[in-house]
Amino acid sequence: MPDMLTITSGGDLRTLLRDADLGKLHLALDEGEGTSAFALLDTFDAQVAAAGLLLVLTDAGLHLLGGTEALVQERAEPDFIAQMPAGPVTKRLSGIVSPLRTLMTVAEGTLSRHGLRVLDDNEKTHLRGTLWVLDAGKAGAVSVSALTPLRGYDKTLGKVKAALSAAAGNGKVGTMLEASAALRGEDPALIGKTRIVMSADEKAFKAANDIIRAQLVAARRQEDGIGADLDSEFLHEYRVALRRVRSVISLFKGVYDEKQTADLKARFGAIMARTGRLRDLDVYLIERDRYLALVPEGFRPGIGKLFDMFAAQRDLEHAKLTAYLDSKAYEKEMARLEKLFDKTKALSKGPEANRHALDYAKALIWKRYRKVCKIARGIDEATPDEQVHELRIECKKLRYLMEFFAPLFGDAEVRKLIKALKKLQDNLGNFNDYSVQQAALQEQADALAGSSEPDTVEIATGIGGLVTVLHNKQLEERARVTASFAAFDSEETQAQFRTLFKPEGEAKK
Amino acid sequence: MKIVACYSNKGGVGKTASAVNIAYGLAKAGQRVLLCDLDPQGASGFYFRVKPSKKLTDERFFTDVKRFTSAIRGSDFDNLDILPANMSFRDFDVFLSRMKNSRSRLKKALKSVDKDYDVVLLDCPPNISTLSENVFKSADAILVPVIPTTLSERTFEQLLAFFDENGLPKKKILGFFSMVQGTKKLHSETVAAMRKEYGKRLLDVAVPFSSEVEKMGVHRAPVGTFARNNAAVKGYDLLCKELLERL
Ligand SMILES: Nc1ncnc2c1ncn2[C@@H]1O[C@H](COP(=O)(O)OP(=O)(O)O)[C@@H](O)[C@H]1O
Ligand SMILES: [Mg+2]
Chain A
1 MPDMLTITSG
11 GDLRTLLRDA
21 DLGKLHLALD
31 EGEGTSAFAL
41 LDTFDAQVAA
51 AGLLLVLTDA
61 GLHLLGGTEA
71 LVQERAEPDF
81 IAQMPAGPVT
91 KRLSGIVSPL
101 RTLMTVAEGT
111 LSRHGLRVLD
121 DNEKTHLRGT
131 LWVLDAGKAG
141 AVSVSALTPL
151 RGYDKTLGKV
161 KAALSAAAGN
171 GKVGTMLEAS
181 AALRGEDPAL
191 IGKTRIVMSA
201 DEKAFKAAND
211 IIRAQLVAAR
221 RQEDGIGADL
231 DSEFLHEYRV
241 ALRRVRSVIS
251 LFKGVYDEKQ
261 TADLKARFGA
271 IMARTGRLRD
281 LDVYLIERDR
291 YLALVPEGFR
301 PGIGKLFDMF
311 AAQRDLEHAK
321 LTAYLDSKAY
331 EKEMARLEKL
341 FDKTKALSKG
351 PEANRHALDY
361 AKALIWKRYR
371 KVCKIARGID
381 EATPDEQVHE
391 LRIECKKLRY
401 LMEFFAPLFG
411 DAEVRKLIKA
421 LKKLQDNLGN
431 FNDYSVQQAA
441 LQEQADALAG
451 SSEPDTVEIA
461 TGIGGLVTVL
471 HNKQLEERAR
481 VTASFAAFDS
491 EETQAQFRTL
501 FKPEGEAKK
Chain R
1 MKIVACYSNK
11 GGVGKTASAV
21 NIAYGLAKAG
31 QRVLLCDLDP
41 QGASGFYFRV
51 KPSKKLTDER
61 FFTDVKRFTS
71 AIRGSDFDNL
81 DILPANMSFR
91 DFDVFLSRMK
101 NSRSRLKKAL
111 KSVDKDYDVV
121 LLDCPPNIST
131 LSENVFKSAD
141 AILVPVIPTT
151 LSERTFEQLL
161 AFFDENGLPK
171 KKILGFFSMV
181 QGTKKLHSET
191 VAAMRKEYGK
201 RLLDVAVPFS
211 SEVEKMGVHR
221 APVGTFARNN
231 AAVKGYDLLC
241 KELLERL
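Respectively, the protein sequence lines represent chains A and R. Everything in the first sequence is counted per the numbering used here, starting at 1 for the first residue and increasing by one. Everything in the second sequence is counted per the numbering used here, starting at 1 for the first residue and increasing by one.
By construction, these hints were calculated from the structure, which means they are not laboratory data. As the structure is a computational prediction, the values presented were derived from the model and not from experiment. Errors might be hidden in some of the hints.
To be verified - One side only, chain A facing chain R, incomplete, derived with CB under 7 Å:
1. Asn122
2. Arg151
3. Gly152
4. Lys155
5. Gln438
6. Leu441
Unchecked claim - With a cut-off of at most 20 Å between alpha-carbon atoms, the simulated PhoX-like pairs for lysine-lysine come out as follows:
7. Lys155/A / Lys28/R
8. Lys172/R / Lys24/A
9. Lys124/A / Lys28/R
Even glycine gets a Cβ: it sits at the ideal position worked out from N, Cα and C.
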C-alpha cells in the first residue's frame with residue numbers, strides 16, 4: 001500500500017500549501033466543477049470524525065474521506081449502520097460506529113472538489129489527489145485532501161509532509177475531529193468527551209462545581225435527541241451525565257453543607273426518576289435478539305410477544321418523558337440549577353469546601369479503595385448476595401471518583417487502574433443485571449397473572465423460561481466474583497493505588 | 001508478462017517514438033506497462049518528464065532486483081510506469097541476461113512490490129550490435145521500425161539473416177513501417193515490395209510521418225495526449241492492437 005497524506009485544515013488548504021516551503025516542487029489545482037450541496041453525516045457524538053474520517057453525502061454518492069483510500073458508495077439517507085445499504089463505506093464504518101447510534105445529518109453546506117497535484121520543475125507529477133473544500137457557513141471552510149504518491153515518489157510525500165507540519169505550527173492543519181467540529185459549528189472538546197481542567201491546589205468546591213457544570217451541559221445537549229427519538233444513546237448519555245452530577249453531590253462529602261446536599265440530591269433525583277422506566281425498556285429492546293437466543297425454541301413465541309408489549313410500553317414512556325422535557329416546569333428547574341452552578345454564590349459550602357483538590361481527592365479515593373478491598377476480601381462462595389451488591393456499588397463509586405479526578409493524577413496511569421477495575425465491574429455488573437432482570441420479569445409476570453388476554457399464558461411461559469436462563473447466568477457470574485477480585489487485587493495494582501492515592505502522613509496499614 | 005523490444009540496428013528510425021506511444025497506447029487499453037529506457041541518453045524518459053536516477057551508474061544495479069524495482073517511477077498516466085535511463089552498456093548486458101535467465105525471479109520481484117506488468121517494453125539504444133543477441137533471446141517480440149527506403153530494406157534483410165545464422169526464432173521479429181509518407185513514390189513502392197517479400201514478418205500497420213510526432217519533444221508527452229485525432233496516433237493504436245494479437 002502506498003503511503004498517503006491526509007491533510008485537514010481549517011480555511012482554504014490552497015493558501016496553506018502555497019505558504020508551505022516546498023522547494024522545487026509546486027502545486028497544480030484544477031478549477032473543479034463548481035459548487036454543489038453536501039451533508040456531513042456522523043453520530044451525534046462524532047464517532048466517525050473521532051476515527052479520523054468524514055462521511056459526506058453529495059449528489060453523486062456517499063463518500064468516506066480520510067481513510068487509507070477514499071471510499072464511495074451509492075447515496076443513502078443516514079440511519080443505523082445495520083440499516084445502511086451494503087457497500088465499501090458501510091463496511092468500513094461498521095467497525096467504527098456503535099450499533100446503538102444512528103448516523104444523522106450534523107452539518108449541511110456547499111462543497112467544491114478539485115484535482116490537486118504536486119509537480120516538480122519538469123512539470124512531472126509526483127503526488128496527486130482530490131481536494132475537498134467544504135463550507136457549512138459556520139466556522140469557515142474546511143479542506144480535506146488525500147495525496148497519494150505516484151510510484152517511486154514517496155520521498156516527495158515525506159517532503160510535503162514535513163513542509164506542512166512546519167506550516168501546521170500556526171494551527172492551520174488539524175484533526176478530522178476539529179474539521180468536523182468546525183463544520184458543525186461546535187466546540188471540538190464538546191462533541192467528543194467532556195474534559196475538565198483541574199489543578200492540584202484549586203479548592204474542592206471549585207472542582208465539584210466545574211464537574212457538575214460540565215455534566216449539566218452534557219445532559220442538556222442530549223435533550224433534542226431524546227425528543228426526536230433518534231437513538232437510545234441520547235437518553236443513556238443524559239442519564240450518565242446526571243448520574244455523575246449526583247455522584248459528585250453524594251461522594252464529595254463536606255463540599256456542600258448538609259442542607260444543600262440534601263436539596264441537590266432531591267432535585268436531581270426527581271429529574272432522574274422520570275427517565276428510569278424508559279431506559280429499562282430501551283435496554284430490554286436492545287437485548288431482544290440476545291434474549292431470544294438465550295431461551296429454548298419453545299419459549300420464543302412468548303418472549304417475542306413480551307417484547308412487543310415492551311415496545312408498546314416504551315412508546316408510551318417516551319411520550320411521557322418528552323412531554324416532561326418540553327414542560328415549562330422542567331425548563332425552569334434546569335435553568336435554576338444551571339444558574340446555581342454558574343454563579344455558585346448561592347451554594348452553601350460545607351466544611352471541606354476549601355480543601356485543596358488533590359489532597360481531598362486522595363483522601364476520598366484512598367478511603368473508597370480500602371473499603372472496596374475490605375468488602376471484597378470478605379466474600380467467599382457462601383457470602384450472601386447483598387454483600388456482592390454492596391461491592392458493586394462501592395466499585396462504582398470508586399470508579400466515579402477516579403474518573404472525576406483523573407486530570408490530577410495523570411490520565412494514562414489512572415486509565416490503567418480503571419481498566420483493571422473495569423474488569424471486576426463488568427463481572428459485578430452482569431451479576432446485578434441478571435438479578436434485576438429476573439425481578440423485573442417476575443413483576444411483569446405477576447402483573448399478567450390477573451389478565452384475561454389470550455396471549456397471557458404463552459407470555460408467562462416465555463418469561464418462566466427466560467428467568468430460568470437468567471438465573472443460571474447470574475450463578476455463573478456469582479461464581480466468578482472471587483476470582484475477578486483476586487485478578488484486580490494484584491500486588492502491582494495495589495502498589496499503584498498506594499503510590500497515586502495514598503495520602504501523605506497516613507500510617508502504613 | 002511479455003517482454004517487447006523496440007529494436008533496430010539503425011538510429012533515427014522511430015524506436016523511441018514508437019516505444020513511447022505504444023507504451024501509452026497499451027496502458028490506455030488497460031495493459032499494465034513498464035517502459036524501460038535503455039538508451040543512456042534517456043530519450044523516452046525525457047518524453048515522460050522522468051529524471052534519470054542519480055545512483056543508477058552503480059554497476060551492481062541490475063544484479064539486485066530490489067534496486068531495479070525501487071528505480072521505477074510512476075508516469076502521469078494510469079497503468080504506465082517508467083524505468084528511467086541509467087545504465088552503461090555493461091549494465092544493459094547484465095540486465096538482459098537477467099531477464100533471460102531468471103525472468104521468473106524478475107517477475108516475482110515485481111510482484112513483491114505490488115506490480116505485475118503485462119508488458120515490459122524496452123526502448124533499445126542504437127549501435128548495440130555486440131549485445132543484440134541478448135535482446136533477441138530475452139524478448140517475446142522484437143518490434144522493428146522500418147522506414148520504407150532501399151537502405152532500410154537491406155537492414156531488415158540483414159536482421160533476418162542474422163537470426164537464421166544463429167538459429168534464433170525469426171517469428172519474434174515484427175517489423176512495421178515507420179514515418180511513411182504516402183505521397184512519396186519510393187515509399188509506396190518499397191512498402192509493396194517488402195510486404196510481398198516478408199509476409200508475416202511485417203505487421204499490417206504503417207505509422208505515417210507526422211510533424212505532431214516531432215512536437216513530442218516540446219510537449220514532453222505522448223502524441224495521443226495533445227493530438228488525439230492525428231493519423232500517427234491512429235497508427236500507434238493499431239500497432240498496439242496488432243502487437244497484442246501477436247503476443
Ligand atoms: N511517425 C513520425 N513522424 C514524424 N517524425 C517522427 C516519427 N517517428 C519519429 N519521428 C522523429 O524522428 C526522429 C527520430 O526518432 P526516434 O524515435 O528518436 O528514433 P530512434 O529512437 O530510432 O533513434 C525524432 O526526431 C522523432 O521525433
Ligand atoms: Mg531512441
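Outcome of the hint check:
no.: 1; hint: Asn122; result: holds (4 Å)
no.: 2; hint: Arg151; result: holds (3 Å)
no.: 3; hint: Gly152; result: holds (4 Å)
no.: 4; hint: Lys155; result: violated (11 Å)
no.: 5; hint: Gln438; result: violated (57 Å)
no.: 6; hint: Leu441; result: violated (57 Å)
no.: 7; hint: Lys155/A / Lys28/R; result: violated (27 Å)
no.: 8; hint: Lys172/R / Lys24/A; result: violated (45 Å)
no.: 9; hint: Lys124/A / Lys28/R; result: holds (19 Å)
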